[in-house]
Amino acid sequence: MSDSPDKQHRAPGEMTPEERAKFEGRVSDLGGRLGEIRARQHAGEDADRDAAMRGRGMAYGMRMAAELVAAVIVGGVIGWALDWVLGSRPWLFLLFFLLGFAAGVLNLMRSYERMQREFTASTGGKIGHRVPDNDD
Amino acid sequence: MPDPIHQFDIHRLVPINLFGWDVSFTNSSLFMVLAVLVTFGFFMVATRARALVPSRIQSVAEISHEFVADMLRDSIGKEGMKFFPFVFALFIFIFVCNMLGMIPGAFTVTSHIIVTAALAAIVFLTVLVVGFAKNGLRFFKLFVPDGVPIYILPLVTLIEIISFLSRPVSHSVRLFANMLAGHITLKVFGGFVVMLLGAGSFAVLSPLPLLAAIALTALEFLVAFLQAYVFTMLTCMYLNDALHPGH
Numbered sequence: 001m002s003d004s005p006d007k008q009h010r011a012p013g014e015m016t017p018e019e020r021a022k023f024e025g026r027v028s029d030l031g032g033r034l035g036e037i038r039a040r041q042h043a044g045e046d047a048d049r050d051a052a053m054r055g056r057g058m059a060y061g062m063r064m065a066a067e068l069v070a071a072v073i074v075g076g077v078i079g080w081a082l083d084w085v086l087g088s089r090p091w092l093f094l095l096f097f098l099l100g101f102a103a104g105v106l107n108l109m110r111s112y113e114r115m116q117r118e119f120t121a122s123t124g125g126k127i128g129h130r131v132p133d134n135d136d
Numbered sequence: 137m138p139d140p141i142h143q144f145d146i147h148r149l150v151p152i153n154l155f156g157w158d159v160s161f162t163n164s165s166l167f168m169v170l171a172v173l174v175t176f177g178f179f180m181v182a183t184r185a186r187a188l189v190p191s192r193i194q195s196v197a198e199i200s201h202e203f204v205a206d207m208l209r210d211s212i213g214k215e216g217m218k219f220f221p222f223v224f225a226l227f228i229f230i231f232v233c234n235m236l237g238m239i240p241g242a243f244t245v246t247s248h249i250i251v252t253a254a255l256a257a258i259v260f261l262t263v264l265v266v267g268f269a270k271n272g273l274r275f276f277k278l279f280v281p282d283g284v285p286i287y288i289l290p291l292v293t294l295i296e297i298i299s300f301l302s303r304p305v306s307h308s309v310r311l312f313a314n315m316l317a318g319h320i321t322l323k324v325f326g327g328f329v330v331m332l333l334g335a336g337s338f339a340v341l342s343p344l345p346l347l348a349a350i351a352l353t354a355l356e357f358l359v360a361f362l363q364a365y366v367f368t369m370l371t372c373m374y375l376n377d378a379l380h381p382g383h
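If you're matching them up, the sequences are chains U and X in order. Sequential numbering from 1 applies to the first sequence in our numbering. Sequential numbering from 137 applies to the second sequence in our numbering.
It is possible that part of the hints are untrue.
Label-pair ranges, simulated between beta-carbon atoms [to be verified]:
1. X:I193 x U:R26: 42 to 50 Å
2. X:T353 x U:M109: 29 to 37 Å
3. U:Q116 x X:P221: 26 to 34 Å
4. U:D48 x X:A242: 24 to 32 Å
5. U:S88 x X:V292: 21 to 29 Å
6. X:L170 x U:L86: 44 to 52 Å
7. X:I320 x U:S88: 45 to 53 Å
The hints are simulated quantities; they were obtained by calculation from the structure and are not laboratory data. For each residue, glycine too, the CB sits at the ideal point set by N, CA and C.
Sequences are here, hints too, so could you generate the full structure?
In structure tokens, the structure reads:
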């Protein structure tokens, strides 16, 4: 054992000050690299979630449009049919067209509420990008 | 320019005339039969092994089962599983039809409103029958919300009835419009590539619509799945209304 002179006074397994410094340097280096990898993964996840959200957003948009238009059409058709039966053209058509519009807005509000619930359930209420926190 | 609507043409493969009704076997019927055969073949192969540790194909079958079962349990609850065969069949049929439509040259069954309207009508009638069978006249509570002052109740009820009747319309139009629009867009962009290639020096631009067409194809696959999902999801919600009309 041709070690440095002070090594003989230490318990087995203990490090010299230089060794400890090197070791701590490696630990903090590793910590930094892990942090980088984690950050990169988070960014990937966020991008994935954004893409999924955009696809779903488009589907929701189409759903909303169909919801409103369908009710207006159904209202108009009912009014037109009643006019045709009762011979009261065009009054019932006008009335039911407006009622159809009201029903469409009702549909919109309902599906919006449902969408909101689904959304909060699937994301825990967080929207879009994760904003870096400057407080710490 | 190639006609973007041409792909939706229906032609008779085997003309059949039944008591004056035209019930010919068309290309649309062919692809519906194909969808059923593909589904049947897939699930026969996938469930043949019945292994405790599933193979890849078996886990696909199990995932699709769990997917629909979860949807039902989430929106209706345990008793919703009674509708599982119906809802699962709907989901798989629409999904497979949409996916078959993504094969170049194939016919997209769900891009015809008569098909989606028939599917939506089945759902609508199921809701009516189940609703009245389960709740009797209490089913009408669906149209009479709680806590509405008596003097505007007739108006609100009328609006609720129109809203209820509009369901099968929006249910069918959504699926049909998405599939139709997507396939037309794809065809139009494909047509641009061909037109640019035939336009002399403008041919250098032809990769641009080609790239767009590739991106749109990926989007269309997403839409094909998403619309099958949305249709099934709404079916679950409507069935929930049939079982619990009070909300």
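Hint check:
| no. | hint | in the structure |
| --- | --- | --- |
| 1 | X:I193 x U:R26: 42 to 50 Å | 47 Å, holds |
| 2 | X:T353 x U:M109: 29 to 37 Å | 36 Å, holds |
| 3 | U:Q116 x X:P221: 26 to 34 Å | 31 Å, holds |
| 4 | U:D48 x X:A242: 24 to 32 Å | 30 Å, holds |
| 5 | U:S88 x X:V292: 21 to 29 Å | 23 Å, holds |
| 6 | X:L170 x U:L86: 44 to 52 Å | 48 Å, holds |
| 7 | X:I320 x U:S88: 45 to 53 Å | 40 Å, violated |
Checked against the numbered hints given earlier, this structure breaks only hint 7.
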